[in-house]
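**Q** So for the sequence shown, numbering that gives the first Met the number 0 puts the first residue at 0; every next one is plus one.
Calculated directly from the structure, the hints in this document are not laboratory data. No residue lacks a Cβ here, since even glycine has one placed at the ideal position from N, Cα and C. It cannot be assumed that every hint is accurate.
What the hints assert, rightly or not - Computed cross-link-like contacts, SDA-like style, restricted to lysine to any residue with a CA-CA straight-line distance of at most 25 angstroms:
#: 1; residue 1: Lys33; residue 2: Glu162
#: 2; residue 1: Lys27; residue 2: Thr236
#: 3; residue 1: Lys374; residue 2: Glu162
#: 4; residue 1: Lys90; residue 2: Ser115
#: 5; residue 1: Lys388; residue 2: Ser429
#: 6; residue 1: Lys33; residue 2: Asp152
#: 7; residue 1: Lys59; residue 2: Gly209
#: 8; residue 1: Lys311; residue 2: Arg325
#: 9; residue 1: Lys167; residue 2: Lys142
#: 10; residue 1: Lys90; residue 2: Lys101
#: 11; residue 1: Lys71; residue 2: Ala19
#: 12; residue 1: Lys101; residue 2: Asp18
#: 13; residue 1: Lys311; residue 2: Pro285
#: 14; residue 1: Lys454; residue 2: Asp306
#: 15; residue 1: Lys46; residue 2: Thr5
#: 16; residue 1: Lys410; residue 2: Ile423
#: 17; residue 1: Lys71; residue 2: Gly61
#: 18; residue 1: Lys297; residue 2: Pro243
#: 19; residue 1: Lys388; residue 2: Lys297
#: 20; residue 1: Lys46; residue 2: Lys90
#: 21; residue 1: Lys101; residue 2: Pro243
#: 22; residue 1: Lys311; residue 2: Ile355
#: 23; residue 1: Lys311; residue 2: Ser429
#: 24; residue 1: Lys71; residue 2: Leu84
#: 25; residue 1: Lys46; residue 2: Val57
#: 26; residue 1: Lys90; residue 2: Ser202
#: 27; residue 1: Lys142; residue 2: Ala45
What the hints assert, rightly or not - Using C-beta positions, here's what the derived DEER-type ranges look like:
#: 28; residue 1: Asn295; residue 2: Gly188; range: 21 to 27 angstroms
#: 29; residue 1: Lys91; residue 2: Val387; range: 54 to 60 angstroms
#: 30; residue 1: Ser283; residue 2: Ala340; range: 27 to 33 angstroms
#: 31; residue 1: Lys167; residue 2: Lys374; range: 21 to 27 angstroms
#: 32; residue 1: Ala340; residue 2: Lys297; range: 47 to 53 angstroms
#: 33; residue 1: Glu204; residue 2: Asn368; range: 23 to 29 angstroms
#: 34; residue 1: Ser358; residue 2: Pro243; range: 36 to 42 angstroms
#: 35; residue 1: Asn53; residue 2: Thr369; range: 17 to 23 angstroms
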Amino acid sequence: MNEKITPTVMKFGGTSVKDAAAFLRVAKIVASQKDDLPIIVTSAMAKFTDALLNAFEVAKNGESGEGFTSLKEHFDRHQAVADELLDKTRKKAFLAELDLAKEELSGLLLRVERRSLPLQMLRDAIVSYGEQLSSRLLTEVCKANGLNARQVDSRRVIVTDDEYGSAKPIWDETENFIKLELNNLLESGEVPIMGGFIASNRSGETTTLGRGGSDYSAALVGAALRAREVQIWTDVTGVLTCDPRICSDARTIDVLSYNEAAELAYFGAKVLHPKTIQPAVDHSIPVRVCNSHSPNEKGTMVLAKSDVSPNKIKSIAHKTGISILRISSARMLGSYGFMSALFQVFERFRTVIDVISTSEVSVALTLDNTESLDKIVTELERLGDVEVKHGFAVVCIVGEGLRASPGLASKIFSTIEDINISLISHGASSVNLTFVVEEEKVKDVISKLHTTFFK
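Could you put the whole structure together from the sequences, leaning on the hints where they help?
**A** Listed below in structure tokens is the structure:
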């Protein structure tokens, strides 16, 4: 590769490509950075992925025709963008692609109804059409606006294992394919446009990277090509000091460290997905979070290290829908192997633990995925007494230097001294303090803390 080629990877989320006005905004943003060798990664149009998943569920219940019919309004949305932004030739090319997608989706939904292939495989194949169509449509819109754009099928460059629905990239192969496919396009002055979230396994079958997978796709491309930076374009200006739906005066954070961003992402700050961070960490590539509605604003830059803020706290994230499990057993006292046995239960049911706290004879932990809860409880009851409570929220306070700041924890908890704290985790990470409260109290908690530390 020519050492002078250092691209900028630009990922656009679903709200950034939700309608004709949004597609046009994206084309103009890309054109404004065409000298920086942009590579575009796009999500599906807003709400289309959910519609595809719903169609899959309807087909699974024996109504493939009804499932396909439910997609009509979303096909019409794609056509409306083509009608408004494309000339006759480009519109004809896209609509031919759209007709082919309709035909293929109808066939896939029928296969779901008949169970003619593994359902998880069919699910990934069906949901991939969101990104396939948005990347093709965005390519035509960019061409119509003077850009030398070319669609690249992400399934040709991102290779994964066979874990449908949440596939893991095979890095060496993915890196090589990305370089082979994209370097020549960049050198010839073309703008590659890819669908995020989708990939393929070694057999060539479609896989998906799971929740937030489009961000992950962008990070993989950025890491493989040692990009100048990875830009995540969304509908908010960067990462905020808290959820603006709770505090209207929440403001943009200028700079976050990778560690701070990862903690915020995991605990509910939806702007960044946790997996986005890791490929950037591995290759020290900056990640910038931008607002497609306000492209001239700087947003938030995520770097390997960031300065400590004056009040030590950068942001307050939260996650609702949390359940607390408490496992008590005298077997824990002075014994080894108990925690290993406990964690193996969650591993068997592929369930992630958010927060954990232990004493001599009990363990308390939180889950946000309760899909396998009954089975997990049955297994845990072999280890001890199990208590389950629902209706909680995790609050995560993030900032470099948090653990080494005397008196800060005292100030945090004195601010919310009238709120009962169900669980606390502090010290596992140097950049976060996490605690659990009743879900109905979480807005009050965040409002009080934000007023204390950011006004």
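**Q** The structure should be examined with respect to each hint, and the outcome stated for every one.
**A** Now for the hints, and whether the structure bears them out:
A C-alpha spacing of about 36 angstroms is found between Lys33 and Glu162, which places the hinted pair above 25 angstroms, so the restraint is violated. Distance restraint check for Lys27 and Thr236: the Cα-Cα separation of roughly 18 angstroms lies within the 25 angstroms cut-off, and the hinted pair is therefore satisfied. Restraint check: the Cα-Cα separation between Lys374 and Glu162 comes to about 22 angstroms, which is no more than 25 angstroms; the hinted pair holds. This hinted pair does not check out: Lys90 and Ser115 have alpha carbons roughly 35 angstroms apart, beyond 25 angstroms.
Annotation: proposed proximity of Lys388 to Ser429 is violated, straight-line Cα distance about 29 angstroms (limit 25 angstroms). With a C-alpha separation of about 21 angstroms, the suggested pair Lys33 and Asp152 falls inside the 25 angstroms cut-off, and the hint holds. Straight-line distance between C-alpha atoms of Lys59 and Gly209 comes to about 20 angstroms, which keeps the hinted pair within the 25 angstroms bound. Restraint check for Lys311 and Arg325: the C-alpha separation of about 32 angstroms exceeds 25 angstroms, so the hint is violated.
Taking the CA atoms of Lys167 and Lys142, the gap is about 33 angstroms. The hint is violated against a cut of 25 angstroms. With a C-alpha separation of about 16 angstroms, the suggested pairing of Lys90 with Lys101 holds against the 25 angstroms cut-off. Distance restraint check for Lys71 and Ala19: the Cα-Cα separation of roughly 17 angstroms lies within the 25 angstroms cut-off, and the hinted pair is therefore satisfied. The hinted pair formed by Lys101 and Asp18 meets the criterion: a straight-line CA distance of about 19 angstroms does not exceed 25 angstroms.
A distance of roughly 22 angstroms separates the Cα atoms of Lys311 and Pro285; the hinted pair therefore holds under the 25 angstroms criterion. With a C-alpha separation of about 20 angstroms, the suggested pair Lys454 and Asp306 falls inside the 25 angstroms cut-off, and the hint holds. Only pairs whose Cα atoms come within 25 angstroms are accepted, and Lys46 paired with Thr5 is rejected, the gap being roughly 33 angstroms. Taking the CA atoms of Lys410 and Ile423, the gap is near 15 angstroms; set against the 25 angstroms cutoff, the hint holds.
Proposed proximity of Lys71 and Gly61 is supported: the alpha carbons are some 19 angstroms apart, at most 25 angstroms. Proximity of Lys297 to Pro243 is assessed by CA-CA distance (about 18 angstroms); at most 25 angstroms being required, the pair is judged to hold. A hinted pair counts as satisfied when its Cα atoms are at most 25 angstroms apart, and Lys388 with Lys297 does not qualify at roughly 42 angstroms. Our distance criterion of 25 angstroms between C-alpha atoms is met by Lys46 and Lys90, whose separation comes to about 23 angstroms.
A distance of roughly 39 angstroms separates the Cα atoms of Lys101 and Pro243; the hinted pair therefore is violated under the 25 angstroms criterion. The hinted pair formed by Lys311 and Ile355 meets the criterion: a straight-line CA distance of about 24 angstroms does not exceed 25 angstroms. For the hint pairing Lys311 with Ser429, the CA-to-CA distance comes to about 11 angstroms; that is within 25 angstroms, so the pair holds. A distance of roughly 20 angstroms separates the Cα atoms of Lys71 and Leu84; the hinted pair therefore holds under the 25 angstroms criterion.
For the hint pairing Lys46 with Val57, the CA-to-CA distance comes to about 17 angstroms; that is within 25 angstroms, so the pair holds. Only pairs whose Cα atoms come within 25 angstroms are accepted, and Lys90 paired with Ser202 is rejected, the gap being roughly 33 angstroms. For the given pair, Lys142 sits about 22 angstroms from Ala45 by alpha-carbon distance, which is consistent with the 25 angstroms threshold. Between Asn295 and Gly188 the C-beta distance comes to about 26 angstroms, which sits within the given range of 21 to 27 angstroms.
The supplied range of 54 to 60 angstroms is met by Lys91 and Val387, whose beta-carbon atoms lie about 58 angstroms from each other. Here the CB-CB span from Ser283 to Ala340 is close to 39 angstroms, at odds with the stated 27 to 33 angstroms. Between Lys167 and Lys374 the Cβ separation comes to about 24 angstroms, which falls inside the hinted range of 21 to 27 angstroms. Checked against the given bound of 47 to 53 angstroms, the beta carbons of Ala340 and Lys297, roughly 49 angstroms apart, stay inside it.
Between Glu204 and Asn368 the CB atoms are about 26 angstroms apart, so this pair conforms to the stated range of 23 to 29 angstroms. Distance hint check: the CB atoms of Ser358 and Pro243 are about 38 angstroms apart, consistent with the given range 36 to 42 angstroms. Taking the beta carbon of each, Asn53 and Thr369 are about 21 angstroms apart, inside 17 to 23 angstroms as hinted.
In summary, the structure is inconsistent with hints 1, 4, 5, 8, 9, 15, 19, 21, 26, 30 from the numbered list given earlier, while agreeing with the others.
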